[in-house]
Amino acid sequence: MISIQLTTGIGGLDRVIRGLLPGDNVVWQIDAVEDYLPFVRPYCDAALASGKRLVYFRFARHEPLMSESDGAEVYRLRPDEGFEQFLTSIHRVIEQTGRGGFFVFDCLSDLAADWYSDRMLGNFFVLTCPYLYDVEALAYFALLKNVHSTHATGIITDTTQILIDVYRHKGGLYVHPIKVQQRHSPTMYMLHAWDHDSFLPVTESSTTAEILTAKPWYGAESARSYLGVWNRAFLEAEQTADPLDRPVCSIEHAEQVTARLLRMLVTRDEHFLSLARKYFNLAEILAIWKRMIGSGLIGGKSAGMLLARAILERTDPRWSELLERHDSFYIGSDVFYTYLVRNGCWWIRQKQKNPATFLEGSEEARRRILTGVFAADVREEFTAMLDYFGQAPIIVRSSSLLEDAFGNAFAGKYESVFCANQGSRDKRLEDFMSAVRMIYASTMSEKALRYRAQRGILDRDEQMSLLVQRVSGAMQGPLFYPQIAGVGFSFNPYVWNEEIDPKAGLLRLVFGLGTRAVDRSDDDYTRIVALNAPERRPESGVDEVRRFTQRKVDALDLNANQLMSYSFSEVAAQRPDLPMDIFASPDETAERSMAGGDGFPWVLTFEKLLAHPRFVRDMREMLTTLQEAYGTPVDTEFTVNFRNENDYRINVVQCRPLQVKVSDGGTSAEVPERIEPDKLIFEARGAVIGQSRMTVVDRLIYVVPSVYGQLRIADRYTVARLIGQLMHLGKGERPRTIMLLGPGRWGTTTPSLGVPVSFAEINTVSILGEIVAMREDLIPDVSLGTHFFNDLVEEDMLYLALFPGREGNVLNEQFFARCANKLPELLPDAAQRADIVHVVDAADLPDGGTIKIYANALTQKVVCYLADPGKGRD
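Numbering (the working numbering), first residue to last: 63 to 936.
FYI, nobody ran anything at the bench for these hints, they're computed from the structure.
Certain hints may be false.
[As the list claims (entries may be wrong)] Listed next, the in silico DMTMM-like pairs over lysine to aspartate or glutamate satisfying Cα-Cα at most 25 Å (straight line): (1) Lys489 to Asp523; (2) Lys923 to Asp891; (3) Lys670 to Glu606.
[As the list claims (entries may be wrong)] Per label pair, the in silico range of CB-to-CB distance: (4) Thr433 to Asn621: 24 to 30 Å; (5) Thr811 to Arg140: 44 to 50 Å; (6) Leu421 to Glu332: 28 to 34 Å; (7) Asp196 to Ala896: 52 to 58 Å; (8) Thr811 to Asn621: 24 to 30 Å; (9) Pro886 to Leu421: 25 to 31 Å; (10) Gln412 to Tyr137: 45 to 51 Å; (11) Pro417 to Arg705: 52 to 58 Å; (12) Tyr137 to Leu421: 28 to 34 Å; (13) Pro886 to Lys340: 55 to 61 Å; (14) Pro84 to Lys340: 53 to 59 Å.
All residues carry an ideal CB built from backbone N, CA and C; glycine is no exception.
Turn these sequences into a full structure, and let the hints steer you where they fit.
Listed below in structure tokens is the structure:
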């Protein structure tokens, strides 16, 4: 303990509260900042007289409480730059000050105004007060009365050591101690009048009542006590939007209110704000607020979905009828942050801002999140929302502050969880809270943290909001699913035929839930549609169409209360009245083989759907309209449900910028007219995804298909981990351009089909090649529309597939036999795997040449070859 005498600087006040103790945080509840000053100045004088450091945190809009000339160390802060930055700056100063310091804070009420949140004000105090207590500091805070909800006042009261109400009445000041921890006296909690250096108990009931009733009192049960900064702002805005109040409300005022609410609720990103101001009106913003749980921002995914719908409806009124109505709910970002604070995860989260420590403690944080407890008021709001949905299936989707924003898609980095939403009221609540915890925990996953580290945004304020959507579709027997789901791109980077216009866009369609269109599937296929040539397929011939069609359907099994996968024939059998011909075509081969017996003579082709007079036109118009509004290509997720053969509704469930580099030239150079056979490394005709280019390859990593194909399953996982190590070598300078070439599918979850790496393990790769050489029947399902594909696009990776044995495809294995294998040098412990993994560095080539790759997405041609010495980077 600090041995000096600790004092408020006012002898009479010290006698009332029995002095100050090391670690005391003193909160003054005031009606005006002028009532705070008379207590601050004696405290500061006493601090300076003791020889201790006096620190003043200046951040509010009111007049300064002191200056450097008064002997204080003044730190000027910007709470509007974000909660995380503000809190970190204050904690850094506390740490630097050391034990026993004296601190003065501006009035805290301005923080709630800057953060638009009483919850975050409460979080700030509960994270700062114990820290000051631990270093045996003294601190003064002020809080305006009757301004904040119990989300702030309740937690501040519970956390602080001393809480004192201040009253000014007829020119005099009165104090009313509400809480004084570890001290007591017979008159401590009475109203006291300040008279010179004395504080005298007010013993007359009439005087006490006169002072305390001079201002309204809003008790804990009062509706007003739950308003706070957040709800009060929206209630005032609601009056602005009320037709009865419009005659006295100027257009300029309404625009100012709208702009403020957009920053509170939707986004603080200036690029997105410019779109939101153009397409959202005040009534729509208020509608979002009324369907919100907690406070804070709704996050990128929610904002993108709402903006897409607003753009379409503003552009053409017919979209108001064509779009399926939505009744989503939004769980604000403040609920996430409060959950982390409440469950002891904040200090671990702080380590994640440092690139050197961002993975430390992440597993412990995930455990605490998955076993954490929600505040009672949040549980009540969850229950009310679930009562609204009843037993209708819902999906809880991540919607973080940075997610789906310009430059950061976070595709597949955070979880989204379907809730079949069956069972008792308590069961449905528990299932829902488990889904929320799972998504919150995904913010601490290694893949999400590595993604943030790689993009240099570890220090950005990333909080998790949630979007709760009704699952689009209908009950079909015990199953629930939409008829059609998919993803749509306004720019098509996958051009397999010269008739295809990349600017027309692309769809990836599935029957049933859209998980099969978004998540990479190792055992099934989807329908890829170029919107200017929907009849064109990547496959050639009836046999390939039948072979590479969707066979499995994802659906919510309401009896099993979970997401399940079934064969298309099993799903169709549940509803014989399903309009099969819209989605499927008769399989004549299957019909002949059945010869009147049992069987399923349908194959999912979507031919009739794509021949529908409006469907392709509507989807193309939708994507074009969104791209024009965004000013960049977009990536959407959608569902389609038919009411009858000619009447359908489209549900846009997600929209985000697609990070694609679009160029008019297509290629940066031409491949030499003739390449000597010994100079050719490989040549391919087939799937090319990414912008056409010619580039130099600094390191080529080749997994030998013939050797890998003979490995046991356990050894294939070992090879996958080895590849991850090669991608993230800590020593030396990492090569600028790495090409990874291997058998089957990269990122597969089935080792028999490829190399089971995660994207986080290979995210430093520039060019990713898949060799179809492990099994005769293995055809890579190109990554369009998958989360894997979004990673490729964001990192400007080139994806290619090599089909040995097909015309125009050549793999020169003799090249690798001639080149030294650098694996034993890079990873000595893995030297025994040199027959499986071959690492070639261009710098080590014996003739001093370079490795070049030419890829043309239009012609679907790739050539990788040895260039002559001196033919460096273009």
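Taking the hints in turn, this is what the structure says about them:
1. In summary, the hint linking Lys489 to Asp523 is not supported, as the alpha carbons are separated by about 34 Å, beyond the 25 Å threshold.
2. The straight-line distance between the Cα atoms of Lys923 and Asp891 is roughly 38 Å, outside the 25 Å bound, and the hint therefore fails.
3. Under the criterion of a C-alpha separation no larger than 25 Å, the hint pairing Lys670 with Glu606 is consistent with the structure, at around 19 Å.
4. Checked against the hint of 24 to 30 Å, the C-beta distance between Thr433 and Asn621 comes to roughly 29 Å, which is consistent with it.
5. Checking the proposed 44 to 50 Å range against Thr811 and Arg140 shows it holds: the Cβ atoms sit about 46 Å from each other.
6. With their beta carbons about 32 Å apart, Leu421 and Glu332 fall inside the hinted range of 28 to 34 Å.
7. For Asp196 and Ala896, the hinted distance range of 52 to 58 Å is satisfied, since their beta carbons lie about 54 Å from each other.
8. Checking the proposed 24 to 30 Å range against Thr811 and Asn621 shows it holds: the Cβ atoms sit about 26 Å from each other.
9. Range check, Pro886 to Leu421: about 28 Å between beta-carbon atoms, so the 25 to 31 Å window is met.
10. For the pair Gln412 and Tyr137, the supplied restraint of 45 to 51 Å is violated, since their beta-carbon distance comes to about 19 Å.
11. In this structure, Pro417 and Arg705 meet the distance hint of 52 to 58 Å, their C-beta atoms being roughly 53 Å apart.
12. Against the hinted window of 28 to 34 Å, the Cβ-Cβ separation of Tyr137 and Leu421 comes to about 31 Å, which satisfies the hint.
13. A C-beta distance of roughly 59 Å is found between Pro886 and Lys340, which places it inside the suggested range of 55 to 61 Å.
14. With their beta carbons about 56 Å apart, Pro84 and Lys340 fall inside the hinted range of 53 to 59 Å.
The structure fails hints 1, 2, 10 (numbered hints given earlier, in ascending order).
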